[in-house]
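Here is how the chains run, residue by residue.
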Amino acid sequence: MSKAQPSSDRIPMNLRTEALEQLLVERGLVDPQVMDTFIKTYEKDVGPLNGAQVVAKAWTDPEFKQRLLDDGTGAIAELGFKGPQGEHLVVVENSAEVHNVVVCTLCSCYPWPLLGLPPAWYKDPAYRSRVVREPRTVLAEMGLELPTDTEITVWDSSSEVRFFVLPQRPPGTEKLSEAELAALVTRDAMVGVAQVSA
Amino acid sequence: MIEIQPASGVADMGGDSGWGRAPIIDPDEVVFPEKWEGRAFALALLSMRVSGSNLDAFRHAMNRLDREHYIDDGYYGRWLYGAENLLLDSAIIAPGAVEARAANIAGGHVEEPPVPESSKPDYAPTAGGSIRQIDAPRKFSVGQRVRAKTMNAPGHTRLQKYTQGHVGTVAIVEPAQILPDTHAHFIAENAQWVYTVSFDSRELYQENTENFTLNTDLYEDYLEAAS
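Read top to bottom, the protein sequences are chains Y and U.
Its first residue numbered 1, the first sequence is counted upward by one per residue in this note's numbering.
Its first residue numbered 199, the second sequence is counted upward by one per residue in this note's numbering.
Honestly, I wouldn't trust all of these hints.
Claimed, not checked - Using 30 Å as the maximum straight-line C-alpha spacing, the simulated DSBU-like pairs for lysine-lysine come out as follows:
| no. | chain 1 | residue 1 | chain 2 | residue 2 |
| --- | --- | --- | --- | --- |
| 1 | Y | K44 | Y | K65 |
| 2 | Y | K123 | U | K233 |
| 3 | Y | K175 | Y | K57 |
| 4 | Y | K65 | Y | K82 |
| 5 | Y | K57 | Y | K82 |
| 6 | Y | K57 | Y | K40 |
| 7 | U | K347 | U | K337 |
| 8 | U | K318 | U | K337 |
| 9 | Y | K44 | Y | K57 |
| 10 | U | K347 | Y | K82 |
| 11 | Y | K175 | Y | K65 |
| 12 | Y | K175 | Y | K123 |
| 13 | Y | K40 | U | K233 |
| 14 | U | K359 | U | K337 |
| 15 | Y | K123 | U | K347 |
| 16 | Y | K44 | Y | K123 |
| 17 | U | K233 | Y | K44 |
| 18 | Y | K123 | U | K359 |
Bear in mind the hints are in silico, worked out from the structure with no lab data behind them.
Based on the provided sequences and hints, a complete structural model is requested.
As structure tokens, then:
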């Protein structure tokens, strides 16, 4: 067993975190302002709005969409999105025939530059364990009932490749602008547990 | 001498049953529901640097946690415990230091252990990130049948147990990357090709199962040719 897991009297996590922060900050090993910057970056700046821009552009620009499917990392960098957990991005396209859904069974790997930090459901052991065994049932429990003739492909991250789902463009959105389309795209659709609706 | 501490096994949960119903999506979820979670997130990222360690070592530091520490305090709980493991491994902090400080913050008067002499790993990556340019030829090609090996090594691996021993087809050749199994233990980068392999669900699970395709990106060392 690991060294850090002895105490049976559990220390509340807020106290435990504060204790570790004090120990590192008072020795100059960690700068609390750098911590603030990391936190603010993922609270305010990097989140699913990035991914939604990629999706809306792919829906309205066929050449961009082709580049996105051929070289996800390069096409996404055109929009300025890169950084930790985005070293190599593979984009998979949902269609009436095939539905893609992403998981990381071993931890919770997730394309941070496009979607920010993972939501609670993505980190839930029930999702991590079951979506690679009974994805159709798991998706239905999460509110996505797929037609029985839609094939399902599950992508489980093992290496530093990060998978990102290009959802289907909903019908009736032909007249919408790229910005209006982006506003429809949800985080959950870009992981594959939901579809985009108009 | 490199001390390899085994994973507890709890993190490798793909295909397991017993974790209950699928989660409910909360569309209004905030990034850090509790303030300490943001602090733990940032501390963990910085602890990798402070301890002279790396992302693979951090993942293994979490995989070493027992079920209680891995699960009960959630995702950022295990990040914090994982960060503590890295800092203890490199003797940046002493065993008991966090507990003693927490007691003192709470109004106690506990003697805190002295700061130890640090012992960071004598190891550094050859470049940033995980992708490397390598000259080695690819051992496998798209369309080839491959079997995920059965691995019994005690240390870190990214080869999920539910894929082990099963045969799939190479779907994508991914960029060459450093091997977590050795990088996590500060042994070597072992940069090698990675392949996204497609498995048929009926190959993975013997009993009646849903019909679907499972794709996962596996390192070359995890695979062997299958007929």
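Consistency of the hints with the structure:
1. K44/Y to K65/Y: Satisfied, since the Cα-Cα distance of roughly 27 Å is no more than 30 Å.
2. K123/Y to K233/U: 18 Å, holds
3. K175/Y to K57/Y: Between K175/Y and K57/Y the Cα gap is close to 14 Å, so the pair holds against 30 Å.
4. K65/Y to K82/Y: Status holds; Cα separation ~18 Å.
5. K57/Y to K82/Y: Roughly 17 Å between the alpha carbons, so the hint for K57/Y and K82/Y holds.
6. K57/Y to K40/Y: 27 Å, holds
7. K347/U to K337/U: Holds, at about 15 Å.
8. K318/U to K337/U: 35 Å, violated
9. K44/Y to K57/Y: 22 Å, holds
10. K347/U to K82/Y: Answer violated: K347/U to K82/Y is near 33 Å, above 30 Å.
11. K175/Y to K65/Y: 19 Å, holds
12. K175/Y to K123/Y: With a Cα-Cα distance of about 37 Å, the restraint between K175/Y and K123/Y is violated, given a limit of 30 Å.
13. K40/Y to K233/U: Holds: K40/Y and K233/U sit about 12 Å apart, inside 30 Å.
14. K359/U to K337/U: OK: K359/U and K337/U at ~22 Å, within 30 Å.
15. K123/Y to K347/U: Holds, at about 27 Å.
16. K44/Y to K123/Y: Answer holds: K44/Y to K123/Y is near 21 Å, not above 30 Å.
17. K233/U to K44/Y: Distance ~15 Å between K233/U and K44/Y Cα, so the pair holds.
18. K123/Y to K359/U: 19 Å, holds
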